[in-house]
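A.B. asks: Keeping the supplied structure of chain A fixed, place chain B upon it in accordance with the hints.
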Amino acid sequence: GGRAEPLRYAAAIGGIAFEDRFITGETHKKEKAEGKRRWSGPPEVVVIDKDGKDLVTIAQSNTCLRYIGKLAGLYPENKVSAALADEILDSSEDVFGVLMGAMAGKEKDEEKKAAAEELLKDDGKLTYWVKKFACRQKEAADRGVKSGLFVGEEITIAELKFAATFGFLMGRLPGFGKDGYMGKDENKALLAIIEKVNANDKVKAFTEQFNKNTAAFKEKAENCSFKYGGKTVSGAL
Amino acid sequence: MAEEQKDQPSFRITYYAFQGRAGSLRAAASLGGVSYEDVFTSGEEHKKAKEEGTRRWSGVPELVVFDKDGKELITLGQSNACTRYIGKVTGLYPENAVERALVDEILDSVEDVLNVVSPTFGIKDEEKKKAARAKLCEPDKLPYWIGKFEARLEENEKRGNKNGYFVGDKITIADLKAYYGFQFLTSGNLDYIDGAKLMEPAKRCQAFVAKIKENEGMKKMEEAFAASQKEYKENKVKSFKRPGKFVCGSL
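Chains as they are written, first to last, in my numbering: chain A, 144 to 380; chain B, 24 to 274.
Okay, chain A solo, but in the shape it has when bound (with noise of 0.2 Å):
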């Protein structure tokens, strides 16, 4: 989950061949201090040549999923469309600094529940968050746009992006989830995106391998490097 979620599901759905390598907390720490990390943290793309060699590393997460969503088709030719998306995904990484901003030295539990009240009262900063998406998915609809979605008809990187943060929010801000804050009349529409992403055949097929694939990582932290098959799209420069 988290930041790499809509990467490894843009390649999936884009059936992209890629290979997923995973670190913990600490070894990225470490690695970090050692000046090792590309910006400040994960997730890192180690774009491929022609001839198989690493070419560049990127990193930046929404970098990353605009990269490999261009590979994979899901980024909106229409320079237009293309900002409607870059919005979302700038917008979902501000929803993350709510979230980070407003738990920040939240041990207890208590004090955790306190202040996810606090983002989800009428004039809550995660309450404003929330209502803009809506309004992001209640303007394509009036624009004539039937799928439901942020941009066109088509899942596109607004969405993966969504989906991930906003099912992050869900499992872990007290209140927030289905039977919560998102399952309320007013927030359907955009739980309907969260799952139209989940029920995607490719994304469920993906899910299925990747939990199998962290499983073994948690039994055994050598088992860190996992190859998915697919198309080899290159990069260049």
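Calculated directly from the structure, the hints in this document are not laboratory data.
Because the structure is a prediction, the values reported are computed rather than measured.
Treat the hints with caution; some may be incorrect.
[What the hints assert, rightly or not] Pairs of lysine-lysine, DSS-like flavour, derived with a Cα cap of 30 Å:
{"hint": "1", "chain 1": "A", "residue 1": "Lys255", "chain 2": "B", "residue 2": "Lys153"}
{"hint": "2", "chain 1": "B", "residue 1": "Lys111", "chain 2": "A", "residue 2": "Lys275"}
{"hint": "3", "chain 1": "A", "residue 1": "Lys370", "chain 2": "A", "residue 2": "Lys355"}
{"hint": "4", "chain 1": "B", "residue 1": "Lys220", "chain 2": "B", "residue 2": "Lys234"}
{"hint": "5", "chain 1": "B", "residue 1": "Lys73", "chain 2": "A", "residue 2": "Lys327"}
{"hint": "6", "chain 1": "B", "residue 1": "Lys193", "chain 2": "A", "residue 2": "Lys193"}
{"hint": "7", "chain 1": "A", "residue 1": "Lys222", "chain 2": "B", "residue 2": "Lys94"}
{"hint": "8", "chain 1": "A", "residue 1": "Lys256", "chain 2": "A", "residue 2": "Lys274"}
{"hint": "9", "chain 1": "A", "residue 1": "Lys213", "chain 2": "B", "residue 2": "Lys91"}
{"hint": "10", "chain 1": "B", "residue 1": "Lys181", "chain 2": "A", "residue 2": "Lys196"}
{"hint": "11", "chain 1": "B", "residue 1": "Lys70", "chain 2": "A", "residue 2": "Lys249"}
[To be verified] A few chain B residues that face chain A, going by a derived Cβ cut-off under 8 Å, partial list only:
{"hint": "12", "residue": "Glu122"}
{"hint": "13", "residue": "Leu125"}
{"hint": "14", "residue": "Ser132"}
Beta carbons are placed, not taken as given, at the ideal position from N, Cα and C, and that holds for glycine.
C.D. replies: Relative to the frame of chain A, chain B by itself:
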């Protein structure tokens, strides 16, 4: 019809009367020679719009894109989404997918730097603010980030691109975003942060900033912008039409 087209802005940028997060939008449009309307808003106006629910997302800048008939097509928000759109219509966003990713990294990382500093703006207690800003100057915070930008410039140079830009050999929206990011750190408006000291070890970044400052198009744009700031301050003029070619949007 041709006359109307000449005056027609391709889009309207709404932001405060300083460059900040709109710098890269305005600069991209200007360097790209496209017509646009530059509209200044204020802190109070923004607060009111936000409370009334009329803000696209959370803040400014916002970009209203016009269609081929000069009608409002859509309003976009999120400074990087807007910058990328303008980059695409002006040729300041590369065609190559990997180069695009290198540009996108810079856009995202500048935002990360801005977001590292912005929580300190709301600190009312001066002693606490001073302490918080001192923390930002520790090796694993702002110096860490500046080191990364320095490394990106070095990597581009090692790829054979000798013009001192972040990606490739021509100016891109990455350069414009980074330039205003560095301006933010070194403008002297951040109390308790010595921007010059932070940038001291980053020789390539310093050369980069000097290079962008000397760019003819940038000089022209900043001159016109300064004149607009004066008009806004003295005569409360809020809207400024920048000439250029009309590039419409469509969905």
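A.B. asks: Does each hint fit the structure? Answer for all of them.
C.D. replies: Hints, one by one, checked against the model:
{"no.": "1", "hint": "A:Lys255 / B:Lys153", "in the structure": "holds, 28 Å"}
{"no.": "2", "hint": "B:Lys111 / A:Lys275", "in the structure": "holds, 26 Å"}
{"no.": "3", "hint": "A:Lys370 / A:Lys355", "in the structure": "holds, 13 Å"}
{"no.": "4", "hint": "B:Lys220 / B:Lys234", "in the structure": "holds, 19 Å"}
{"no.": "5", "hint": "B:Lys73 / A:Lys327", "in the structure": "holds, 24 Å"}
{"no.": "6", "hint": "B:Lys193 / A:Lys193", "in the structure": "holds, 25 Å"}
{"no.": "7", "hint": "A:Lys222 / B:Lys94", "in the structure": "holds, 17 Å"}
{"no.": "8", "hint": "A:Lys256 / A:Lys274", "in the structure": "holds, 21 Å"}
{"no.": "9", "hint": "A:Lys213 / B:Lys91", "in the structure": "holds, 27 Å"}
{"no.": "10", "hint": "B:Lys181 / A:Lys196", "in the structure": "holds, 18 Å"}
{"no.": "11", "hint": "B:Lys70 / A:Lys249", "in the structure": "holds, 29 Å"}
{"no.": "12", "hint": "Glu122", "in the structure": "holds, 7 Å"}
{"no.": "13", "hint": "Leu125", "in the structure": "holds, 7 Å"}
{"no.": "14", "hint": "Ser132", "in the structure": "holds, 6 Å"}
Consistency note: the structure conflicts with none of the earlier hints.
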